[in-house]
Structure formats: structure tokens, C-alpha cells
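Heads up: the protein sequence lines correspond to chains L and S, in order.
Number 244 in numbering that gives the first Met the number 0 belongs to position 245 of the first sequence; there are no gaps in the numbering.
Number 19 in numbering that gives the first Met the number 0 belongs to position 20 of the second sequence; there are no gaps in the numbering.
One or more hints might be untrue.
Stated by the list, open to error - Keeping only pairs whose Cα atoms sit at most 20 angstroms apart, straight-line, the calculated EDC-like set for lysine to aspartate or glutamate is: (1) S:LYS106 - S:GLU129; (2) S:LYS164 - L:GLU257; (3) S:LYS150 - L:GLU292; (4) L:LYS7 - L:ASP166; (5) L:LYS268 - S:ASP253; (6) L:LYS7 - L:ASP52; (7) S:LYS149 - L:GLU256; (8) L:LYS111 - L:ASP260; (9) L:LYS78 - S:ASP41; (10) S:LYS150 - S:GLU239; (11) S:LYS106 - S:GLU239; (12) L:LYS268 - S:GLU57; (13) L:LYS268 - S:GLU220; (14) S:LYS149 - L:ASP260; (15) L:LYS28 - S:ASP63; (16) S:LYS149 - L:GLU257; (17) L:LYS28 - L:ASP41; (18) S:LYS263 - S:ASP253; (19) L:LYS83 - L:GLU256; (20) S:LYS150 - L:ASP166; (21) S:LYS164 - L:ASP75; (22) S:LYS149 - S:ASP167; (23) S:LYS14 - L:GLU313; (24) L:LYS28 - S:GLU190; (25) S:LYS164 - L:GLU256; (26) S:LYS150 - L:GLU313; (27) L:LYS83 - L:GLU313; (28) L:LYS268 - S:GLU257; (29) L:LYS268 - S:GLU154; (30) S:LYS14 - S:ASP41; (31) S:LYS164 - L:GLU313; (32) S:LYS106 - S:GLU190.
What the hints assert, rightly or not - Ranges of calculated distance between the beta carbons of each label pair, as one might list FRET restraints: (33) S:THR89 - L:SER174: 52 to 62 angstroms; (34) L:ASN182 - S:ASN159: 25 to 35 angstroms; (35) S:ASP238 - L:THR209: 30 to 40 angstroms; (36) S:LYS164 - L:ASP86: 21 to 31 angstroms; (37) L:PHE178 - S:HIS232: 20 to 30 angstroms; (38) S:GLU220 - L:ALA125: 28 to 38 angstroms.
Rather than coming from a laboratory, the hints here were simulated on the basis of the structure.
Heads up, the beta-carbon is just placed ideally off N, CA and C, and yes, glycines get one too.
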Amino acid sequence: MLFRVFAKDHLINLYDILAVNHIVGPLCKGLDRQGAPLYDFDFIYDFAELQLDYTATIHSLKRFVLPPRETLCTFDLQKDGWRKQVDFNAYKPTVYFGLHACDINALNKLDKVLTGNVYPDPYYAAKRKNMFIIGVGCTPQPFCFCKSMGTDSVLHGFDLFLTDLGDAYFAEIHSARAFAFINSLECREPRQSEHQRFVEVAQERKSRFTCQVDTTDLTKILDLEFQAEVWRDWGRKCLSCGTCANVCPTCYCYGIEENVDLGLQHAGKTRHLYSCNLIDFAQVAGGHNFRPESHDRLKYRYYHKHRGFVEAFEESLCVGCGRCGQSCLASITVPEVIASVRGEGGDHA
Amino acid sequence: MTARERTYLGVPVSKPRAAFFEFTSCEGCQLQLLNNEATLLDFLSLLTIVNFREAMTEASDEYDIAFVEGSITRDDEAKQLKAIRGRAKTLVAVGSCACFGGVNQLKNRFNDLAWVKEQVYGSHAIDTREAVPLSAIVPVDLSIYGCPIKKEEVERVVTNLVLGKSIDYPRYPVCMECKANHNVCLFDLGEPCLGPVTRAGCDSWCPSNRFGCWGCRGPAEAANVRQLRQIMHEHGFSDEQLLDRLECFGGFADYVTELKRAAKE
Numbered sequence: 000m001l002f003r004v005f006a007k008d009h010l011i012n013l014y015d016i017l018a019v020n021h022i023v024g025p026l027c028k029g030l031d032r033q034g035a036p037l038y039d040f041d042f043i044y045d046f047a048e049l050q051l052d053y054t055a056t057i058h059s060l061k062r063f064v065l066p067p068r069e070t071l072c073t074f075d076l077q078k079d080g081w082r083k084q085v086d087f088n089a090y091k092p093t094v095y096f097g098l099h100a101c102d103i104n105a106l107n108k109l110d111k112v113l114t115g116n117v118y119p120d121p122y123y124a125a126k127r128k129n130m131f132i133i134g135v136g137c138t139p140q141p142f143c144f145c146k147s148m149g150t151d152s153v154l155h156g157f158d159l160f161l162t163d164l165g166d167a168y169f170a171e172i173h174s175a176r177a178f179a180f181i182n183s184l185e186c187r188e189p190r191q192s193e194h195q196r197f198v199e200v201a202q203e204r205k206s207r208f209t210c211q212v213d214t215t216d217l218t219k220i221l222d223l224e225f226q227a228e229v230w231r232d233w234g235r236k237c238l239s240c241g242t243c244a245n246v247c248p249t250c251y252c253y254g255i256e257e258n259v260d261l262g263l264q265h266a267g268k269t270r271h272l273y274s275c276n277l278i279d280f281a282q283v284a285g286g287h288n289f290r291p292e293s294h295d296r297l298k299y300r301y302y303h304k305h306r307g308f309v310e311a312f313e314e315s316l317c318v319g320c321g322r323c324g325q326s327c328l329a330s331i332t333v334p335e336v337i338a339s340v341r342g343e344g345g346d347h348a
Numbered sequence: 000m001t002a003r004e005r006t007y008l009g010v011p012v013s014k015p016r017a018a019f020f021e022f023t024s025c026e027g028c029q030l031q032l033l034n035n036e037a038t039l040l041d042f043l044s045l046l047t048i049v050n051f052r053e054a055m056t057e058a059s060d061e062y063d064i065a066f067v068e069g070s071i072t073r074d075d076e077a078k079q080l081k082a083i084r085g086r087a088k089t090l091v092a093v094g095s096c097a098c099f100g101g102v103n104q105l106k107n108r109f110n111d112l113a114w115v116k117e118q119v120y121g122s123h124a125i126d127t128r129e130a131v132p133l134s135a136i137v138p139v140d141l142s143i144y145g146c147p148i149k150k151e152e153v154e155r156v157v158t159n160l161v162l163g164k165s166i167d168y169p170r171y172p173v174c175m176e177c178k179a180n181h182n183v184c185l186f187d188l189g190e191p192c193l194g195p196v197t198r199a200g201c202d203s204w205c206p207s208n209r210f211g212c213w214g215c216r217g218p219a220e221a222a223n224v225r226q227l228r229q230i231m232h233e234h235g236f237s238d239e240q241l242l243d244r245l246e247c248f249g250g251f252a253d254y255v256t257e258l259k260r261a262a263k264e
């Protein structure tokens with residue numbers, strides 16, 4: 000990896016260089032009841048909209064690589080058959096400006112599932128290959144537990160990662176493209192004092208994470224506590240609404256629907272992201288539902304994230320961004336659920 | 000291609016004879032059907048429409064599918080509905096009134112129906128009774144939810160009916176579609192919403208326009224109204240505010256009874 004330092008007021012120059020592409024970044028979508036800003040990722044059309052000091056976004060970046068609804072192919076129906084058109088729905092390179100480490104780690108995890116196996120997902124891959132990613136250091140929030148999941152820093156999966164040193168940005172360069180862009184700015188190699196400052200900033204950030212999840216032996220504990228009563232307590236609270244999966248940066252389960260147009264001349268196949276908490280997630284042909292109870296569905300969500308995926312990939316499918324808990328109207332949060340399954344923490348239900 | 004030659008993958012497709020009827024309602028759902036001009040001709044060419052008072056003059060009593068809008072609030076309506084049921088192979092309840100009683104069933108809340116009639120009609124009394132959904136009078140084969148119905152959903156249902164495909168609805172709540180539309184949760188903006196318990200399929204029509212859900216499509220298949228009540232309280236909304244919404248279209252009737260009992264305790 001190469002490193003460079005550039006003055007903070009040069010950031011707009013980097014933005015301008017990249018602005019020939021689509022730019023997606025964090026922006027303010029409104030204020031909540033307490034007057035606090037609500038951030039989300041969206042297309043940015045003006046550098047002034049970009050809120051690099053954002054806390055956390057409501058939704059993850061997922062919709063740009065794995066849209067909630069996506070047409071996979073369309074058909075022209077003819078008398079003697081059909082003609083199929085496939086479109087991966089990736090038309091232009093997009094710059095993702097200002098991702099936190101957790102969200103970049105989330106993309107790396109999605110890659111393992113969607114591009115790393117025998118049958119890569121071309122729709123995902125097409126969008127993923129067209130990304131230019133600029134990471135920025137985050138401000139730990141009271142609900143972030145990425146430190147527990149080992150995702151509070153990121154080693155790959157980005158082109159450029161910026162750390163705010165106060166008056167300058169410390170840039171980690173991870174691609175030749177990024178190197179070319181950064182060299183067109185007024186920049187220099189970091190001095191020894193800036194190496195020091197970079198490490199200090201990282202340490203200081205680490206010390207500010209307050210929320211934790213004890214992942215010690217978690218896969219075993221989840222097996223041991225498969226019948227635990229606490230699952231039922233959480234199940235009684237769960238709305239089975241799928242919000243957690245929708246805001247999750249790593250939930251990728253989907254269903255496919257086929258529809259014929261009214262004119263009976265065209266048809267289409269659409270992928271809908273689904274959620275394991277929805278009532279009919281485990282309903283199979285013939286009508287049998289393997290998980291009609293909400294506590295079972297909720298439990299299996301945790302089993303997939305914190306047990307099944309760990310067994311398959313040696314890492315959890317959770318990056319500890321805390322979005323699910325923040326969005327859950329019933330206040331079901333990962334740290335509380337896992338603590339209760341471990342027999343810790345008292346009044347959760 | 001003329002409508003007579005309509006085929007699907009080379010296989011001729013029959014055009015079922017369809018009739019549209021309305022009982023106590025605003026007829027807005029039927030208007031919805033006529034509203035989407037871009038697809039109207041295709042829609043009309045899938046069916047042979049033999050009875051549609053809002054759209055045509057001719058009328059026939061021979062039909063395969065009856066689309067029925069409105070709730071039943073008079074004895075003569077019940078009689079008419081039974082006759083329709085007798086003629087139709089498939090009876091489709093269209094809209095919240097037909098499915099749940101709709102806004103009309105709000106009058107059922109009053110204990111003294113005679114007083115209600117007096118207030119509404121004065122000396123011109125009309126012989127009405129409690130508003131009930133179609134299913135209280137006759138068996139219903141299919142329900143198309145919503146106030147008003149969503150034209151896209153009707154088109155999908157009708158296409159699948161004609162092609163003999165299975166017809167399925169979302170069983171999950173509106174939140175699922177609202178999140179897919181990247182909305183900010185209305186509770187975060189200080190607005191009550193029935194999205195977490197209401198059946199989806201509307202593509203979060205109201206919440207996407209920053210208007211909290213009133214539950215016109217009735218309950219989702221796993222509606223946790225007990226939890227929603229707690230959420231409403233936590234966000235500073237009263238049981239009355241929750242009940243107002245739950246009672247509005249009649250879909251949550253069973254939950255309302257339970258909630259009223261709980262609210263008394």
C-alpha cells in the first residue's frame with residue numbers, strides 16, 4: 000500500500016476530478032424528532048451535499064449493488080417460442096465517496112457469497128466491478144459494535160481510504176487508478192510525524208467504541224442455546240416486517256418472481272430481496288411452512304449471521320454497523336439478543 | 000393483432016366474460032380500473048366485459064368472473080350479491096369495502112343504529128343495516144385489497160387469472176416495501192404509521208408520500224399489533240390514535256376488539 004498526505008481543502012479537487020462519473024455518498028435526508036440529522040447514501044450532484052462527517056446512514060449501500068427489486072431478464076413472447084434479453088443493469092462506473100470501514104467490509108463479505116463461489120452472480124459482479132471506493136474514518140456511535148466483529152478497520156476492498164489528521168487527509172492508496180487520481184492533486188509522502196498522527200487517530204477512534212458483543216465461542220453457544228426461552232421472548236417483540244434485513248449491508252436472500260405483461264407479448268423475471276423474518280420465508284411448494292413462528296425465524300437470522308456463515312467462511316456475516324437495531328421499531332438489537340442468549344443481561348423482553 | 004387472436008406462446012387464450020358491480024362504496028376502485036389509460040386497452044382486451052355500469056351502457060347477466068366493489072349495508076344488496084354469486088364462477092372482492100366493510104363499517108361502532116340513521120338521513124330514513132364485507136354474505140374466491148385498489152395489482156391478478164397461473168399476494172407488512180423505497184421511517188419523523196402490521200402490495204403508497212399508513216389493506220399475515228401498541232406509546236401516541244387507524248377500514252376488526260379489552264385494563 001502507498002500513502003500520501005494532502006491538504007483538506009484539496010478534497011474538492013479530488014471530487015471534481017471524479018465528478019465525470021456518478022458519485023454516491025452520504026447526505027442529509029432530513030431531521031428526526033430531536034432535530035438530529037438523518038443520513039443516507041444517495042447520488043451526489045454537488046460537493047457541498049457530501050457529508051463526510053456523517054454519523055451513520057439509515058440504509059446501507061446495498062441497494063447500489065443488490066437492489067431490493069431488480070429485473071434479471073425480459074422475454075419477447077412469440078408464436079413459436081421466446082426471445083430472452085439479459086441486462087446486468089450496470090451502465091456507468093460509480094464513485095462511492097465516503098464509506099466507513101464497516102460498509103467496505105460488508106461488500107467484501109458479500110463478494111465471498113456472490114462472486115466467490117462456483118456460480119458467481121453476474122448482476123452483482125457487474126455493479127461491483129464498476130465501483131471506485133473512497134473510504135473515510137468514522138465517528139463511533141453508541142450502537143456500533145464493529146470492533147467486536149473485527150470490522151472497525153479495513154485492509155482491502157477500497158481504492159482510497161482517507162483519515163482526517165486535522166488539517167490534512169492521510170490517504171491510503173490501494174489501486175493504480177487511485178494512485179493516478181491522487182497524484183493529480185497537490186500531495187506528498189507522509190512525514191514520520193504524520194505516520195505517528197495516523198496511528199494515534201486510529202487508536203483514539205478505537206477507544207471510543209462503547210458497544211460490545213462477546214463473540215467468544217458464539218457458534219457453540221448458539222448451538223447449546225437452540226431451545227432457549229429467550230428466543231421466544233424476542234419472537235414476541237418481532238414485527239416480522241423485514242426491516243432489519245432491508246437495512247443490513249450483508250443480507251442477500253432473495254426470491255424470484257415471473258410476470259407476464261397485460262398484452263401477453265412480453266414477460267419478465269424480477270429478483271426481490273427477501274427477509275428470513277417474513278412469515279412465508281420458509282414456506283415451500285405444497286404450502287408447508289417450516290418456520291411459522293416468529294421466534295424461529297428470528298433465531299435463524301442470528302444462526303445464519305453468527306453461526307452458519309462463520310462455519311463456512313471463518314467470519315461472521317455481521318459487520319456490527321448496528322443499523323438493524325437502530326431501525327427496529329421493536330428495539331431488537333444484536334448486542335442485546337446475543338447477550339441474552341449467552342445468559343447475560345436482564346430485562347430485555 | 001386483434002383481440003380475437005390473443006395467444007400466449009402460441010396457445011390461444013380464452014377471454015373470460017367479466018362483469019363489474021358495486022354496492023355501498025364510492026365506486027373509486029372501478030374508477031381506478033379505468034384510470035390507467037396507458038394499459039387500459041390491453042386490460043380490456045384480456046376480458047370480455049359484459050357489465051360495467053361506470054364504463055358502458057350494455058349489460059348482460061352471463062359472466063364467468065364478477066368483480067364486486069362495496070360493502071353490503073341493505074337487505075336488497077345481500078339478495079343481489081347472492082344472485083351474482085349464483086351466476087359467477089369466480090367472485091372477486093375489489094377494494095377495502097368489499098374485503099372488510101371499508102370506511103362504511105365505521106358506523107357499526109355506534110350502539111344505536113336508529114340514532115345514526117336519524118343523524119344522517121333525518122326524516123328521509125333509508126333502510127340500512129350494519130355494513131359487512133361480501134364474505135359475510137357469500138363465499139369470496141379472491142380479494143383485491145386497498146382503498147383504492149392499485150391498478151398494477153389488478154392487472155397482475157387478471158393476467159394470472161386469464162393464464163391460469165396461481166395468484167399470490169404479499170403476506171408481509173408495508174415496512175418491507177417502504178424500506179425498499181429507501182424512505183425514512185415515519186416514526187423517526189414523529190408520525191404514527193400502521194405500516195408494520197398492514198399487508199403490503201401498495202408499494203408503500205402513503206408512507207412514500209410521508210403520510211402514515213392507515214391500514215386499508217388489512218393485517219399482514221403475522222401482524223404483531225400488541226407490539227405496535229407499545230411502539231405507539233413509546234413514540235407518544237395514544238391508544239385512541241392507534242384505534243382510530245385500526246378501525247378506519249375494518250380489516251383489523253379482531254385486533255380492535257382485543258385492543259379495546261386491553262386498553263380498559
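#### Entry: L:ASN182 versus S:ASN159 beta-carbon gap, inside 25 to 35 angstroms or not
With Cβ atoms ~58 angstroms apart, the hint is violated.
### Query
Does the Cβ distance between S:GLU220 and L:ALA125 fall inside 28 to 38 angstroms?
The hint (28 to 38 angstroms, Cβ to Cβ) holds, given that S:GLU220 and L:ALA125 are roughly 35 angstroms apart.
### Query
Is the Cα-Cα distance between S:LYS149 and L:ASP260 20 angstroms or less?
With a Cα-Cα distance of about 16 angstroms, the restraint between S:LYS149 and L:ASP260 holds, given a limit of 20 angstroms.
### Query
Can the restraint linking L:LYS83 and L:GLU256 be considered satisfied, given a maximum Cα separation of 20 angstroms?
Measuring from Cα to Cα gives roughly 16 angstroms; hence the hint holds.
### Query
Does the alpha-carbon distance linking S:LYS106 and S:GLU129 stay inside the 20 angstroms limit?
This hinted pair holds, its Cα atoms lying about 7 angstroms apart.
### Query
Are the Cα atoms of L:LYS268 and S:GLU257 separated by 20 angstroms or less?
Violated: L:LYS268 and S:GLU257 sit about 42 angstroms apart, past 20 angstroms.
#### Entry: 20 angstroms Cα cutoff - pair L:LYS83, L:GLU313
violated, 39 angstroms
#### Entry: Proposed proximity, L:ASP41 with L:LYS28 (alpha carbon, max 20 angstroms)
holds, 9 angstroms
### Query
Does the alpha-carbon distance linking S:LYS14 and L:GLU313 stay inside the 20 angstroms limit?
violated, 57 angstroms
### Task
Verify the proposed pairing of S:LYS106 with S:GLU190, using a straight-line Cα cut of 20 angstroms.
The given pair, whose Cα atoms are some 26 angstroms apart, is violated under the 20 angstroms limit.
### Task
Would you mind confirming whether the straight-line C-alpha gap from S:LYS149 to L:GLU257 stays at or under 20 angstroms?
holds, 19 angstroms
#### Entry: Restraint check for S:LYS263 with S:ASP253, where alpha carbons must lie at most 20 angstroms apart
Within the cut-off at roughly 16 angstroms; holds.
Violation of the numbered hints given earlier is confined to hints 3, 5, 8, 10, 12, 13, 15, 20, 23, 26, 27, 28, 31, 32, 34 and 37; the remaining hints are satisfied by the structure.
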